[in-house]
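Student: The chain contents come next:
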Amino acid sequence: MEYATFPIKVMIVFVLSTPMLSYLTERRFKGKVVACWCIVGLIISLLAFVRLIGVITGTTFIYSGLLVIDPFSIFFSIVFTLVATFVALASYEYMHEDPNQGEYYTLLLLATLGMVLVAFSADFLALFVALELMSISTYILICFRKKDPRSNEAAIKYFIISALGSVIILYAISLTFGVVGSTNIYAIAEGFRAGKYSSQPLAFLSVVLFTAGVGLEMAIVPFHMWIPDAYDGAPTTVSALLAGGSKKAGFAAALRIFLIAVIALHSNWSAIFTVLAVFTMTLGNVAALAQTRITRMLAYSSITQAGYILIGLATVNLDGVTGYMMHVLNHALMSSTTFIAAATASHVISAYTLDDYAGLAKRLPVTAFAFTVAMFSLAGIPPFCGFSSKLVLFTAALDAKLGWLALIGVLNSAFSLGYYIRVIKCMYIDLPKVKVVQKVSEPLPFKIALIMATFLIFLLGIYPAISLDFARAAASNLKI
Amino acid sequence: MFPVLSTIILTSIVGAILVYLIARYDEKASKVLAITVTTITFLLSLYLYLNFQPGNTSFQFVEEINWVKAFGMTYTLGLDGISLPLVMIATFLTTISAASSWNTSYKTGKYFSFLLIFEVGIVGVFSSLNLILFYFFWELALIPMFFLIIEWGGPRRTYAAIKFLIYTHVGAVTMLLGFMALYAAVTPHTFNIIELANANFPMQFQLMVATAVFFGFAVKIPVVPLHTWLPDAHVEAPAPISLILAGLLLKMGGYGFIRVNYFILPEATKLLSPIFVALAIFSIFYGAIVAMIQQDLKRMIALTSINHMGFVLLGAAAGNADGIAGAVFQMFNHGVVVGLLFLLSGIIHEHAGTRTINELKGLGVKMPMTATLLMIGSFASFGFPFLNSFISEFTVLVGAISAYSLAVITVLAPAITAGYFLWMLNRVVFSPSEAKPEVTVHKENFAELLPLMVLVIPIVLFGTYPSPILNVIYPTARQIPRLLGGG
Numbered sequence: 001m002e003y004a005t006f007p008i009k010v011m012i013v014f015v016l017s018t019p020m021l022s023y024l025t026e027r028r029f030k031g032k033v034v035a036c037w038c039i040v041g042l043i044i045s046l047l048a049f050v051r052l053i054g055v056i057t058g059t060t061f062i063y064s065g066l067l068v069i070d071p072f073s074i075f076f077s078i079v080f081t082l083v084a085t086f087v088a089l090a091s092y093e094y095m096h097e098d099p100n101q102g103e104y105y106t107l108l109l110l111a112t113l114g115m116v117l118v119a120f121s122a123d124f125l126a127l128f129v130a131l132e133l134m135s136i137s138t139y140i141l142i143c144f145r146k147k148d149p150r151s152n153e154a155a156i157k158y159f160i161i162s163a164l165g166s167v168i169i170l171y172a173i174s175l176t177f178g179v180v181g182s183t184n185i186y187a188i189a190e191g192f193r194a195g196k197y198s199s200q201p202l203a204f205l206s207v208v209l210f211t212a213g214v215g216l217e218m219a220i221v222p223f224h225m226w227i228p229d230a231y232d233g234a235p236t237t238v239s240a241l242l243a244g245g246s247k248k249a250g251f252a253a254a255l256r257i258f259l260i261a262v263i264a265l266h267s268n269w270s271a272i273f274t275v276l277a278v279f280t281m282t283l284g285n286v287a288a289l290a291q292t293r294i295t296r297m298l299a300y301s302s303i304t305q306a307g308y309i310l311i312g313l314a315t316v317n318l319d320g321v322t323g324y325m326m327h328v329l330n331h332a333l334m335s336s337t338t339f340i341a342a343a344t345a346s347h348v349i350s351a352y353t354l355d356d357y358a359g360l361a362k363r364l365p366v367t368a369f370a371f372t373v374a375m376f377s378l379a380g381i382p383p384f385c386g387f388s389s390k391l392v393l394f395t396a397a398l399d400a401k402l403g404w405l406a407l408i409g410v411l412n413s414a415f416s417l418g419y420y421i422r423v424i425k426c427m428y429i430d431l432p433k434v435k436v437v438q439k440v441s442e443p444l445p446f447k448i449a450l451i452m453a454t455f456l457i458f459l460l461g462i463y464p465a466i467s468l469d470f471a472r473a474a475a476s477n478l479k480i
Numbered sequence: 001m002f003p004v005l006s007t008i009i010l011t012s013i014v015g016a017i018l019v020y021l022i023a024r025y026d027e028k029a030s031k032v033l034a035i036t037v038t039t040i041t042f043l044l045s046l047y048l049y050l051n052f053q054p055g056n057t058s059f060q061f062v063e064e065i066n067w068v069k070a071f072g073m074t075y076t077l078g079l080d081g082i083s084l085p086l087v088m089i090a091t092f093l094t095t096i097s098a099a100s101s102w103n104t105s106y107k108t109g110k111y112f113s114f115l116l117i118f119e120v121g122i123v124g125v126f127s128s129l130n131l132i133l134f135y136f137f138w139e140l141a142l143i144p145m146f147f148l149i150i151e152w153g154g155p156r157r158t159y160a161a162i163k164f165l166i167y168t169h170v171g172a173v174t175m176l177l178g179f180m181a182l183y184a185a186v187t188p189h190t191f192n193i194i195e196l197a198n199a200n201f202p203m204q205f206q207l208m209v210a211t212a213v214f215f216g217f218a219v220k221i222p223v224v225p226l227h228t229w230l231p232d233a234h235v236e237a238p239a240p241i242s243l244i245l246a247g248l249l250l251k252m253g254g255y256g257f258i259r260v261n262y263f264i265l266p267e268a269t270k271l272l273s274p275i276f277v278a279l280a281i282f283s284i285f286y287g288a289i290v291a292m293i294q295q296d297l298k299r300m301i302a303l304t305s306i307n308h309m310g311f312v313l314l315g316a317a318a319g320n321a322d323g324i325a326g327a328v329f330q331m332f333n334h335g336v337v338v339g340l341l342f343l344l345s346g347i348i349h350e351h352a353g354t355r356t357i358n359e360l361k362g363l364g365v366k367m368p369m370t371a372t373l374l375m376i377g378s379f380a381s382f383g384f385p386f387l388n389s390f391i392s393e394f395t396v397l398v399g400a401i402s403a404y405s406l407a408v409i410t411v412l413a414p415a416i417t418a419g420y421f422l423w424m425l426n427r428v429v430f431s432p433s434e435a436k437p438e439v440t441v442h443k444e445n446f447a448e449l450l451p452l453m454v455l456v457i458p459i460v461l462f463g464t465y466p467s468p469i470l471n472v473i474y475p476t477a478r479q480i481p482r483l484l485g486g487g
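Those protein sequences? They're chains A and B, same order as listed. So in the numbering used here, the last one in the first sequence is 480, and the numbering has no gaps at all. So in the numbering used here, the last one in the second sequence is 487, and the numbering has no gaps at all.
Please note that the accuracy of each hint is not assured.
[Claimed, not checked] Here are a few chain A residues that sit away from chain B, every Cβ distance over 10 Å (derived from the structure):
id: 1; residue: GLU2
id: 2; residue: LYS30
id: 3; residue: ILE136
id: 4; residue: ILE156
id: 5; residue: SER388
id: 6; residue: VAL410
id: 7; residue: LEU411
id: 8; residue: ALA414
id: 9; residue: TYR428
[Claimed, not checked] Stretch-level coverage of chain B by chain A, calculated; a stretch enters the list once three of its residues show a Cβ under 8 Å from a Cβ in chain A:
id: 10; region: 63–71
id: 11; region: 130–137
id: 12; region: 169–180
id: 13; region: 318–329
Think of the hints as simulated: they come from the structure by calculation, not from any bench. Just so it is clear, CB atoms sit at the ideal spot from N, CA and C, and this is done for glycine as well.
Looking at chain B on its own, in the form it has when it is part of the complex (with noise of 0.2 Å):
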């Protein structure tokens, strides 16, 4: 068959060499380069999409080449209702990142080839069946994203991306010392998922493992503990790479908590999952009140993640077919509508001067357009009713709650989520436009709205009609209790 995969992968490889070697010529032709190879990647997701047969739970699309047969590295490839989802989110905000990229100016090659790069990390995580091919691409994803941080970023740049490395790559490494005990522990030994799943782990070294891969996917969601370096990271990246660090990065360590967790280790999460329940509700509840306070608009934004990132361990945690469908379909719609709201306080940003909450005021008037995406996006965000993030925290927490009923405390988290946000709203879109007079507003351009009012299409679309992604997602969650030894 035709490795659909494969070619995603190599596209953005040849597009990000192509790219980077044109821009010396022609900086506006490697952008439309960038778009169009992105765009590229994105059909072949849709393409992905519409040969996948949701019906069958084995992986598909699986493509293996051998590669270090002595060591259990082979390069396999492949798709399974977990999966999918990410993949096709992954290439859709690719594009739309790099299509909202279009004023970079500054290294554009440089900045563009780095963004395909990372392309093809998080594609290439999302869709590795071995291993070391995961951490392969786990790393691929993170270099180019240091280099976006730190070379684009705003004053505290510097900062912000050596953190952010630093923290990510000590959890990167603890997590790849799991995967090696785990590959030394098998007979024979390999690194392939799949045989992995099936092997049968002693209790302790389960609980080994699961605390050392879980470090480092924890670092990634981020739990709370350890999720420092987001703000900073966040605040400092430009808004189309805060789009992509949030709306794809962050799902690396969802999707790797799913994938190794609970295939691999299903017994040692079972029994730690009461913590990770408990670590996740803190999470939620520490990212909604710290973002409250907030009055940069972008850490606002960023701090939600933490919320709606709690949500997908909470999910993930409750080990129900709900649960896990509900943590996949959240990590998809909260893609999609942090993008939309990073890319927002980018614009925000550009236009008014500031992203100072108390600072912006009456832009309702003066930007109206981008105070109407505001809204949709605010709305989706804190899980109104016809929108995306709805359906997926109510299944969340349908399944969080029947795996513990003390989980319904989560329940008020949207309350207060939804009081910050239209607090916010309130102070920017509402209020009356007595702005101070250093504040001046630029008239907003179509052009530049264009990437954000496609991000609505999926807020709306998944809002009303979610089975499209939720039928694809069922089948393979519902594999999960039945390897926990449940219903």
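If we strip away everything but chain A, and leave its shape as in the complex, we get (with noise of 0.2 Å):
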């Protein structure tokens, strides 16, 4: 099993020598140099976790307890790497000009290498350090701009709101080891499941807790109030690295704690579920409806995401929580997209509002096409895979006998569409505000990472087997 852990290896390499090659190379060449390796790396380590499909099944641990190997560790693996390195091309074009390009890809790939270990992690103290490495390198990566006041209150709304959620982690971190004795989360489930721990309010506490704490990594309501301004203030491409891959992060941890941990304790955790889900999805579509900055309406549309996906919690059956990992993977797929195409209108032609996006088909034709799939997809319209995963959840929602809770799912989706249109609307139809409307080209990174992401929200959602097959395995494996 050890071959297993060869692509997180790879990843560690590469992290090292990014600085060093950035430290060799001369100033000119500096920004492509990296660039490049930070690509080739994780395409090499994405490449491996793809080949580990299927290769990979049961449940083992490496590293005494610390990591599991399993089917959802390399399916939420799959997912950092795949939006990762979507990021970093997309960062080729967009940091082109930053003198830090060295510091920027080398935190690129320690904060993905982060997200990856609390995909692997079995035990808390991994999970501790893994978040913890994943969200420093995140801080910086915000406020890279360091001369943007919006960059920095980003970053510092940031890094409160993530610094409250690691302590309260901690907390309840060592509550459970107070109660239990251990920090391995499938000893703690054990425990759990023997039922020889009689202080039951304290492990419901420590639940709390966790649900506190991951949930301002996954930006579920009430605790979403950072997300906007993250978003909007932060470099878009590093946006779409927290859209795509950070949050997702948070979802692959709060999988793995409440599946192993918290079904063990035998207690009825889907009403609490249920009324996040709602209320997530239904204030990010409100919210999102008002803005006008094309980057905070994407955030907020994240917070609705986020909310389906939290049904797949909602239900605790098999469907539910299949749903809950395609729907990770194609939101962050989707997400990434639409937060890159965001990122090459503010690059190219500086549009960063509704206004600004009128008439952006002309201009930048691919960018547009690739945003308006992705704006179908998250509106969950086929055949795109928005469509897919959410078919899923909510038929688990009917068949956890949740009717109503995929009621509000499907017209919040429907809801959604509204301000998806807008701007499709506004950039097909409306004409450009500005008189002279120069020729642009659109860069080539920005062009591949888009098409590539476009074709496979396209792949996924008209052949979702693809997606279904692999998480229904991972999901099963998770014994549920």
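Fit chain to chain and form the complex, with the hints in mind.
Tutor: Structure representation (structure tokens):
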């Protein structure tokens, strides 16, 4: 089973070599060399993870139970490395004038490594370290434009919230350790299942704290307030990483903790997650409708999508968890596409608001097309991937006799089309506000990232069996 | 066997891509290609008709490919007597629409490829036997239609298109919720229509699902409280698009109602049918009365659709063989007739510069061919004997009255319709041509009227000799009362 850690080792090698490379290369080429090195590293680890699909079955612990190798960890690692690859590709162009690109790509790799380790963690300590590795790297990434006050504000907001989240998680870990005497998630689950711990209130409290701590990372209502500012203020490629990557790491951690540890507590958590899901998706939707800045709108839309994903936790059945994982993958794809498209628009023609987007399709056809596909997909319109995962999620909700939750889900999904269609209309129908429309061309790295992501959105929509079978295998391996 | 249905769908998809690519270099060639592709699909649907065995009540031309087996999704297509006429009308009207769009010059490639994608959606909806595939095609018809209205429409196109999209999409997701509930309730889980039709669901569950899916279909039909998107969308869309909008898109609702509500949820539909009948009668009268007071010719035609689609719902809700057969035949006929009228409104608008009924005078002298076609269309629309709508509306009424004797009041509706059509003709065609000087009428030309003349053929043919179509519909329609447990 040692070979399963090969992609992680690859990432570590690249993380360590990137700053050295940046130090050794001449200033003129530095950005390009480092970016290519980072992209190569990510692609190698992505392919190495993809090769493990179907090879890894069952649950294997390594490093004395700190990490676990199962289809679940491979699934999420693919999500993270895929998103990071797109982000790195887009950054090649987006960051190319920045003087500190060596640091940027190192942090990008480091953050991705943190996310991957979150997916692999079987122990609360490993999980905590991985989460910290990820979030500390992303603090710096968010305020990477250090002279931009918005960027700094975003970073401080994220830092405070995330630090609070870490502290809460740490407290929850210590409570759990006090109750069970172990930090290993599986050992805790075993302990709970045996029922030999009479201090139920403490266990309950620790679960509530976990929900809050991970919820801050997942940005579920009421822990969502930092999201719009952070996504709007950060460099937009970093927002793509936040929405597609680090947020999804929260979901990976949540699934691992709740399914393994909480279900064993034999208490009914469905009601809590149902309420959280309803509030998260509805609030995100209503707020998104009022936004005029595209990245803010996307931030609220990503809150909404987090609400759909939570339906999977509320159902607590195999299909629900399958849908949860599929939607994590699909939303990672869709949100990174939308943010990269927004990055292209802001980088090439300085378009930030809805008004700036008027007539975008004429100036940036590929971007507008990818944006449109991703938004239709976000709204759950077939044949794009957002539809297939929502289908699985809502069906699971109906299966779990949560018909009204599914109803709220589909209505929210229909409602969300309202604000997506506004952007699409703006890009394709409205005429540009500026008189002189100079011809602009979209830089190749953006195009490659957008076209690849759009293709995947389409492929996973038209043939969802790819993600469905893998997610179902991973979910059933968790033994719900 | 040769997979004809998939060939139709694939031809349109490939056609859509090619048309878009060719239009970058040669717009005229892309138009020719679009018309050729639609004609091929029409010929293929004729092939389907010729090889269809009317006596056989099970699904024919069935194709099945595993798609996502783990989630009950299969690519299953097939036709019976209800869907075959609709597939034929779909390919026929798309051909007419493409041919009458010859003068389109704005973003030609996109226009025609959207039209072809719409055809994929509509043929798919009428032929899919898997609910998720059905939904895929349902939305595939919706999105191109949205773009066709918003990019090529009239002055209020943005409002109309977004209203259209929101209404129909909300309807669609509600319908999808019903589909998912069906999937979750049946063991083994499946989306296959035939397997779901054989399952027995408890009454309360059926009622909930029937309401949810009916909501989705009612938006499309449209049934009166949910109809407000229709006048806006139809008026703002360019004439060839109004043709497929009224001629085909509305039929998705009527077809879905028969296919899903009757085949899968027969008991609940039977229980709810008095409500459906009441809604239908209300729609019929509402559509007729509101159409009467319209000043805009195109808006008037759009509102008659509410009236005519009310007959579809009335016949379908009656639930007996006559009612169902009449409803299907009415959908077939309404597509042709309303298509002709919309194209005429487009041509009149183009040549006379206005669509306001009171300003159009003496068209009989100035545009004789157009005026003749307008008369044929109007007469067909209010159910004049020997024209096709008469037969279908008569069949619907026979079915409806034998099921609900109160439905006899609907006999009055064609009288109202005849009233306002004749009044319109009186003003537009027969009044002396003392038009205001600013309304100048250009000469009509034969080439652009050609697609309209083709539309007259089925109007007259099936008005005098309806059995080629009715023979196909009736055997399947007779199945439905059996599903309801009646005779």
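Student: All hints, please: hold or fail.
Tutor: A quick look at each hint next to the structure:
1. GLU2: 32 Å, holds
2. LYS30: Consistent with the label, LYS30/A stays out of reach of chain B, its closest Cβ about 41 Å off (over 10 Å).
3. ILE136: 40 Å, holds
4. ILE156: Holds, because the least Cβ-Cβ distance between ILE156/A and chain B comes to about 39 Å, which exceeds 10 Å.
5. SER388: Violated: least Cβ distance 8 Å, not greater than 10 Å.
6. VAL410: With a cut-off of 10 Å, VAL410/A comes too close to chain B, as the shortest Cβ separation is near 4 Å.
7. LEU411: 7 Å, violated
8. ALA414: 4 Å, violated
9. TYR428: 7 Å, violated
10. 63–71: Since 5 is at least three, the answer is holds.
11. 130–137: Held - the region 130–137 of chain B has 3 residues with a Cβ nearer than 8 Å to chain A, which meets the minimum of three.
12. 169–180: With 8 residues in contact (Cβ-Cβ under 8 Å with chain A), the coverage given for the region 169–180 of chain B holds.
13. 318–329: Result for this restraint: violated, n = 0.
Checked against the numbered hints given earlier, this structure breaks hints 5, 6, 7, 8, 9 and 13; the rest are met.
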